[in-house]
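Colleague: The lines below spell out each chain.
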Amino acid sequence: MEYYLIISTLMFFIGIYGFITRKNMIAILISLELILNAVEINFAVFNRYLFPGRFEGMFFTLFGIAITAAETAVALAIIINAYRTIGNIDIENLSKMKE
Amino acid sequence: MEYSLWIIATPFVLFLVLGLLGTKLKPNVAGIIGTLGMTLCTVLAYAIAYQYFFQIGKTGEEWTKIIPLNFEWLRFTKQLHIDLGILLDPISVMMLVVITTVSLMVHLYSLGYMKGETGFQRYYSLLSLFSFSMLGLVIATNIFQMYIFWELVGVSSYSLIGFYYTKPLAVAASKKAFIVTRFADLGFLIGILILSFYTKTFDFNLLTSDQAQLVTTSFAGGTFMGLSIAAWAMALIFMGGAGKSAMFPLHIWLPDAMEGPTPVSALIHAATMVVAGVYLVARLFPIYAFATPEVLEMIAFVGAFTALFAAVIAITQTDIKRVLAFSTISQIAYMMVALGVSKYGGHEGLGYMASMFHLFTHAFFKALLFLGAGSVIHAIHSNEVDEMGGLHKYMKVTSITFLIACLAIAGIWPFSGFFSKDEILAAAFHHQPIIFWTLWVVAGLTAFYMFRLYFCIFWNGEHKYDDHHKPHESPWPMALPLIILALFSVFTGFIPFADFVSSDNIPFSTHIDPVVAALSIVVALIGIGIAFVLYFKSSKKPAEMAQSLGIFYQAALHKFYIDEVWMWITQTVVFRHICEPIKWFDRHIVDGSMNGLAWITQKSSASVKGLQSGQVQFYAWIFVAGSILIAALALFL
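Just so you know, the protein sequences line up as chains A and B, in that order.
For the first sequence, the numbering used here assigns the number 1 to the initial residue and increments by one for each residue that follows.
For the second sequence, the numbering used here assigns the number 1001 to the initial residue and increments by one for each residue that follows.
Note that these hints are calculated values from the structure, not bench results.
In this text the structure is predicted, and so the values were computed from the model without any measurement.
Check before you lean on any hint, since a few could be wrong.
So the derived label-pair ranges between C-beta atoms look like this [stated by the list, open to error]:
1) B:Val1616 with A:Tyr49: 50 to 58 Å
2) B:Met1594 with A:Ile6: 44 to 52 Å
3) A:Ala70 with B:Ser1607: 39 to 47 Å
4) B:Ile1582 with A:Asn93: 30 to 38 Å
5) B:Gly1596 with A:Ala70: 51 to 59 Å
6) B:Lys1603 with A:Ala77: 40 to 48 Å
7) A:Ala77 with B:Gly1592: 51 to 59 Å
8) A:Ala70 with B:Ile1622: 51 to 59 Å
9) B:Ser1627 with A:Ile67: 48 to 56 Å
10) A:Asn88 with B:Ser1627: 28 to 36 Å
11) B:Thr1601 with A:Ile30: 21 to 29 Å
12) B:Lys1603 with A:Asn93: 26 to 34 Å
Cβ atoms here follow ideal geometry from the backbone N, Cα and C, with glycine treated the same way.
Make a model of the complete structure from these sequences and hints.
Modeller: Structure below.
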């Protein structure tokens, strides 16, 4: 069980690091996927080892995957639109709302 | 007696109609509506007076208080409630007659005098408002109702003094009148509150019945700064009366109030509103007489001083209306003195009856004097005595009625002023020799300055007038009131007043005291004689006399600098030494602390707002760092 958790922790922090440091929106989106998947691994692992007779964790994981897919689709749509509007996908340039 | 409600409802309705629809009406129509309404009021007042005095007013030997209407208007607690109602007793019925009569005369007179003025309808609606409030004041059943109407007459007086609101002088005068009387009313209000706090009632009947027992017992001998609390309360209430009745040193507003139209001066500032203070003291007379005789004593001395003071100033004034204004102050002071020297009950209460009698007769002859003066001003378009003279030839009616009024105010038999003034002098004679002799001198001065005015206006040689502007007799709406009021001034003295009005409401008999009567007639004749010598023919003598009196004449001409003293008190003492520090405190401490708080908030927000970059990544970084920190703290502490 520890190995799974080590893997998910690593994935989580790599995701965080990427989320904070990357300027490219696609990269940020990928980092976000890493964070979410780390969480889903945790769900599956805890369910499997702590409550073997039950399935709530598994369902959560499935839900999570579905929502992640939807969210990725929306995010990609936004990114494409942003690219059409400003010509690149650098997050620093998306500051029009501030003004 | 339920119809007595109509006597105040009518002018109120008139006020609303003329005030709201006035501009839709032709000026003359508005004036005639107002006058007809006032005629109705007058008829009602005479009906009430007839019914009260000759049919239902008397039970046994005593005049009863009749309350045809009284309802609870505002209820705060079981004990604290303000009523509105109608109280009929000899003095209120007498006042109804006086107010409606003079008001009707003024309404009629104004049809001629105010003809063609802009705001004619407004003028009539304000006159109706005034009549309404004054009638409401005299029939008040409780002191708070009186206070409400007291303020209402103040407001209507204010707006009528400032009727010519494009004239800066009139505006200043109206403000002055309002502020001075309002300042006095502050005392009145505090007095009412103290009085009712201890007695738990506003009602006149409860306050004054049984020799004001309620007041004498409920104060329980509390004292404040050496005077009993009851005395403080009554003195403060008198302060309100002194403000309205222009007693020294609160008299300064009345001469300036002459900036208003002359008929208004006749109605408000001579006959009715200014005697409200006297009426107030008379209304509360049992309290003054039994609970606080020391205050009554003070009233007598204030009155005597004011009478003398105003009479001296009246001699030197050259504006015809100012002379009359100071004469009014002096005569009202007479009434105050009469109340001040009076005792309660029977012949001892002569002063009370004399005061009311003088109020009654004075209202007519002083209104007549003002209307006569208005007639003169109407004819030659000036207030200054110097520009008049020899008018008798042109204005016979005005001249003769003015003469009658002068004889009445000077106290010559058989004119009405003689009888009432004689009663006042007799009352003072038996009580306080100093006051009597003061009043005696004032009687002489009164005769002198009134006849100075009369001779200066109507005789005093031949004054040159333009051929285009020959003075002419006033039209009949102005002449008729003069004649009617002159008849009143001649005959009202013969009313056996003591049969109707007395301090304890039990009729008593009076007789003319021959010594006092002789003294007063002698001094009046001396005054008239001196005036005749000095002013009947134009001569240099008055100017020479003024010269020889030097400083004293100058002081009297400038009204003894009381206005300046008040200006000094308000400007220097109050504004500079009280208001300025308070203003500084407000600007720097009160505003300063608030502004400081705002400043701190603004500065701190300015330094914090840099963190709100809008960069989600930065927020996430802070968030992660924070949660790691918290997790670390949770783990290792």
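Colleague: All hints are to be evaluated individually against the structure, with a verdict given for each.
Modeller: Now the hints, each set against the structure:
no.: 1; hint: B:Val1616 with A:Tyr49: 50 to 58 Å; verdict: 35 Å, violated
no.: 2; hint: B:Met1594 with A:Ile6: 44 to 52 Å; verdict: 59 Å, violated
no.: 3; hint: A:Ala70 with B:Ser1607: 39 to 47 Å; verdict: 41 Å, holds
no.: 4; hint: B:Ile1582 with A:Asn93: 30 to 38 Å; verdict: 59 Å, violated
no.: 5; hint: B:Gly1596 with A:Ala70: 51 to 59 Å; verdict: 53 Å, holds
no.: 6; hint: B:Lys1603 with A:Ala77: 40 to 48 Å; verdict: 44 Å, holds
no.: 7; hint: A:Ala77 with B:Gly1592: 51 to 59 Å; verdict: 56 Å, holds
no.: 8; hint: A:Ala70 with B:Ile1622: 51 to 59 Å; verdict: 28 Å, violated
no.: 9; hint: B:Ser1627 with A:Ile67: 48 to 56 Å; verdict: 22 Å, violated
no.: 10; hint: A:Asn88 with B:Ser1627: 28 to 36 Å; verdict: 32 Å, holds
no.: 11; hint: B:Thr1601 with A:Ile30: 21 to 29 Å; verdict: 43 Å, violated
no.: 12; hint: B:Lys1603 with A:Asn93: 26 to 34 Å; verdict: 32 Å, holds
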